[in-house]
Amino acid sequence: MSTLSDAELLRNIAAGDEAALRQLYERHAGWLLLRLNRRCGSQDLVAGALQDTFVAVWQSAGRFRGEGEVAAWLWGISIRRLISALRGHPAADPLGDDVVGAAVPVVNSAEDELLRGVEYGDVGRALRTLPPELRATLQATVIDGLTTKEAAVLLGIPQGTVKSRLRVAKSRLRDQLMPGRTS
Amino acid sequence: MTWHLGPELLDRYSDGDLDLARQSAVETHLLACADCRQLTSAKAPQDLLTDIWQGVQIATARPRMPWPLRLLRKLGLAETDAVILSASSSLYRPWLLSLVGAFVIGVGGTMMPATEQRSLYLLFAPLLPAITVAAAYDATDPIRELAAATPFSKLRIALLRTATVVAIALPVVLLAGLALPFVGADAFAWLLPSLTLTLLALTLLTWWTASVTAWVVAVLWLTVVGILRSAQQLSAVDTPFAQLAFAVAALLALAALAIRLTTHHAPGGYA
Numbered sequence: 001m002s003t004l005s006d007a008e009l010l011r012n013i014a015a016g017d018e019a020a021l022r023q024l025y026e027r028h029a030g031w032l033l034l035r036l037n038r039r040c041g042s043q044d045l046v047a048g049a050l051q052d053t054f055v056a057v058w059q060s061a062g063r064f065r066g067e068g069e070v071a072a073w074l075w076g077i078s079i080r081r082l083i084s085a086l087r088g089h090p091a092a093d094p095l096g097d098d099v100v101g102a103a104v105p106v107v108n109s110a111e112d113e114l115l116r117g118v119e120y121g122d123v124g125r126a127l128r129t130l131p132p133e134l135r136a137t138l139q140a141t142v143i144d145g146l147t148t149k150e151a152a153v154l155l156g157i158p159q160g161t162v163k164s165r166l167r168v169a170k171s172r173l174r175d176q177l178m179p180g181r182t183s
Numbered sequence: 001m002t003w004h005l006g007p008e009l010l011d012r013y014s015d016g017d018l019d020l021a022r023q024s025a026v027e028t029h030l031l032a033c034a035d036c037r038q039l040t041s042a043k044a045p046q047d048l049l050t051d052i053w054q055g056v057q058i059a060t061a062r063p064r065m066p067w068p069l070r071l072l073r074k075l076g077l078a079e080t081d082a083v084i085l086s087a088s089s090s091l092y093r094p095w096l097l098s099l100v101g102a103f104v105i106g107v108g109g110t111m112m113p114a115t116e117q118r119s120l121y122l123l124f125a126p127l128l129p130a131i132t133v134a135a136a137y138d139a140t141d142p143i144r145e146l147a148a149a150t151p152f153s154k155l156r157i158a159l160l161r162t163a164t165v166v167a168i169a170l171p172v173v174l175l176a177g178l179a180l181p182f183v184g185a186d187a188f189a190w191l192l193p194s195l196t197l198t199l200l201a202l203t204l205l206t207w208w209t210a211s212v213t214a215w216v217v218a219v220l221w222l223t224v225v226g227i228l229r230s231a232q233q234l235s236a237v238d239t240p241f242a243q244l245a246f247a248v249a250a251l252l253a254l255a256a257l258a259i260r261l262t263t264h265h266a267p268g269g270y271a
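Line by line, the protein sequences give chains G and X. Going by the numbering used here, the first sequence opens with residue 1, and the numbers climb by one from there. Going by the numbering used here, the second sequence opens with residue 1, and the numbers climb by one from there.
Calculated directly from the structure, the hints in this document are not laboratory data. As the structure is a prediction and not an experimental result, all values here were calculated from the model. Keep in mind that a hint or two might mislead.
Computed beta-carbon distance windows for the label pairs [said to hold, decoys possible]:
#, chain 1, residue 1, chain 2, residue 2, range
1, X, A61, G, Q159, 35 to 43 Å
2, G, A15, X, A256, 15 to 23 Å
3, G, R22, X, W215, 50 to 58 Å
4, G, A19, X, A256, 27 to 35 Å
5, G, D44, X, V216, 53 to 61 Å
6, G, P158, X, D15, 16 to 24 Å
7, X, V212, G, G62, 17 to 25 Å
8, X, G16, G, T3, 27 to 35 Å
9, X, G16, G, L177, 25 to 33 Å
10, G, P179, X, G6, 42 to 50 Å
11, X, L220, G, G62, 47 to 55 Å
Derived DMTMM-like pairs: lysine to aspartate or glutamate, alpha-carbon spacing no greater than 25 Å straight-line [to be verified]:
#, chain 1, residue 1, chain 2, residue 2
12, X, K43, X, D17
13, X, K43, X, D15
14, X, K74, G, E8
15, G, K163, G, D175
16, G, K163, X, D15
17, X, K74, G, D17
18, G, K170, X, D19
19, G, K149, G, E133
20, X, K43, G, E69
Here are a few chain G residues that face chain X, going by a calculated C-beta distance under 10 Å [as the list claims (entries may be wrong)]:
#, residue
21, A14
22, E18
23, E26
24, A47
25, Q59
26, R125
All residues carry an ideal CB built from backbone N, CA and C; glycine is no exception.
Pulled out of the complex, with its shape left as it was, chain X reads as follows (with noise of 0.2 Å):
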């Protein structure tokens, strides 16, 4: 380096008294020497810059994503999506663990004697993610005020929180599954109801406010109960065929729910 700036050169450099060619020189200098940027550093008003620094801080503050979302977002998860996800983690950790509940239920009920009270378990078992899906959607999100008045649909919003419980419990539950020798076939037996009638809800739900869609689920599942109950026929839910019955509706529900999706755009939410 030939040479670098003297006091009196920086002086004038930040009170804008030098012309054009010297002010150059000094910027080229500057972007060249980190000691002589040091020192114009210390000419610049301080308070100014602190001000400057709380501006960029609060601009640049965002509270970290919990672990679940962040593996999401790391899969493809638009921010956006994952900020709504992030925004409502209060409902979808009560629900995450009612998943879990649901899935201990039927581990436990493959663990029983083939009763009927075995079967009741894994009967009731289905209902728990409809009625949670049901719930998230309803009145107690605390920031239902701030997601209404975003792009997004409600709809939207309660087909995201599903998506991340069953992306996050589904390969828990599978694991655990083929882990656990003594977790039988049976085990598996709720979980296509429970996607079935989860995805009736979400379909539901276009129509419908929350608290009619999970009363209407429930009663539909319960007269199916019901009805197996009296026939005496409550081990019939484990059958290959119930369970391609089940799959069947699944498929329905998810391509009617696909049909009202694309053709109903109503900006703010449904019901």
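So here's chain G without its partners, still in its complex pose (with noise of 0.2 Å):
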């Protein structure tokens, strides 16, 4: 059982079982609960886009398109659960094709490379120079994956200040990692 990857147990609920999403739960629900944790503050908001996202993936399992990380995926649902929850609708239909089909996997693996390193290299050097709201934003946005609408609610500013402080923040990374570089 305990065998079964993480596609093939999307490929049970699917079908039907019950037990094959008790298993995803036990896989996944801990870790999508302590980062849901670090984007937003209230336990509640969290524990209820949690189970939000539990449910929407009984429902469609199916429309998981077999590509890329289910873990991915799982998160995409998640964030969005969230960030529906936050606007105020946490009883919007959780199962629309915006959200379950803007899901998909948020990392490439240009992305990915990138991102490993920043623990030692010169990308976290550069982004700990970075103002923290410059920084949450790139994080909401990178990371994350969201939309700058999405982004938008998830951080709560508007929808304007996420695209400029995008494009200051990735004009600031530039310069220090490109320096000589005009853009």
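With the hints as a guide, dock the two chains, each given alone in a separate frame, to form the complex.
Encoded structure:
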């Protein structure tokens, strides 16, 4: 049983296997909860978003496209459930195509390599020099793969501010990492 | 993999004690590394996780539908309709039985010698489905209160139930008729009158209560039988002319029902 991959579990869930949902929950709920806690201080909203996530998985596991990491797919759903809760529409359709369809894995290999190097590399140093609000904007858009609209809800700032902060953050990073090049 | 999350990094991550750059690195790594995900998950508050799981269970708990409904779902029945039907399963089972019973009476009738008794059998068989439609529509429904609060009209529910039984019973009846050589065309003689009476009952239900409708339909049919009997013409029901007349009557009832349904929108139901 425990040797089933995440994608295989999703297939079983799509076929109505409740034990598979349980197994997927045990594998992923913990880290999802911690990561959601890093995005939102309200325990209630986070718990609700996590619950919604697995209800959504139960109802639409068949919509996982079978490409990329299941973990990233799950994160994409749960962060959008959290944003939806923050908007004050916790009862909104948790299964809209916009949610599940948009929840494609946010990590491509280039970003992956870059960010794994963040811990020790130049990018990490450069990131640390940014003011917190710029870093938070980068995190929401680049790490979490959110649209500017979604990031605006998560960060509680207007959409235009997200865009301008993102622009500033990018140009500062560019200056630090590639000095001498002008944009 | 160049590095994994050490115990210290894990603790600091779960405490929210990392700066954004390191936090992002941890999170990116987590997406790609199942081992580190497992270690991280162990740091999450297990009590809360148990609570949330219970919430998931409640939200996903759905009774498994009986196989006839699962079959109809596959054939395109809307989920809300299926839920209504499965909620009233206590009704549709006796109904299915009564329809099958009516067919058995019909088959039994054809195997009897052609006497007046046999004709009487065939004449009473069509009443069964019509009466059961009315009965299902009536106050005996255990989910009546529930159904009244839904945006389903009672007629719609009755129609759904009728359609369910017909969709399931008709193929069975036809197959049985084709497979059994001794079942003559007579066995199907009651099908058209039955359909006509059921449609008539459904149409009348848009005006009257279930009990009144059941009585009116029954009395009407018995009158027809009585007239035929006094004229010594009971076997006339089997003739092509009579069957054609029933078909026309069924179409008329269907048209009347369609008109009632499209022009009269009463939320919560009629009657």
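Do the Cβ positions of X/G16 and G/T3 conform to the proposed distance bound of 27 to 35 Å? At 34 Å between Cβs, range holds.
Supplied contact hint for G/E26, tested at 10 Å Cβ to chain X: holds (8 Å)
Given the range 25 to 33 Å, decide if the beta-carbon distance of X/G16 to G/L177 lies inside it. Since the Cβ atoms of X/G16 and G/L177 sit about 27 Å apart, the hinted range of 25 to 33 Å holds.
Could one say that the CB atoms of G/P179 and X/G6 fall in the range 42 to 50 Å? Taking Cβ atoms as reference, G/P179 and X/G6 lie about 33 Å apart, which means the hint is violated.
Is the hint on G/E18 kept, meaning its closest Cβ partner in chain X is under 10 Å away? holds (7 Å)
Between G/A15 and X/A256, does the C-beta distance stay in 15 to 23 Å? Distance hint for G/A15, X/A256 is violated at roughly 45 Å.
Is it true that X/V212 and G/G62 lie within 17 to 25 Å of each other by Cβ? violated (48 Å)
Do the alpha carbons of X/K43 and G/E69 lie within 25 Å of each other, as the hint requires? holds (22 Å)
G/R22 and X/W215, beta-carbon distance inside 50 to 58 Å? Holds, at about 54 Å.
Would you check the hint for X/K43 and X/D15, treating anything up to 25 Å between C-alpha atoms as holding? holds (9 Å)
Determine whether the Cβ-Cβ distance between X/L220 and G/G62 falls within the hinted range of 47 to 55 Å. holds (51 Å)
Holds or violated: are the alpha carbons of G/K163 and G/D175 at most 25 Å from each other? holds (18 Å)
The structure fails hints 2, 4, 6, 7, 10, 16, 21 (numbered hints given earlier, in ascending order).
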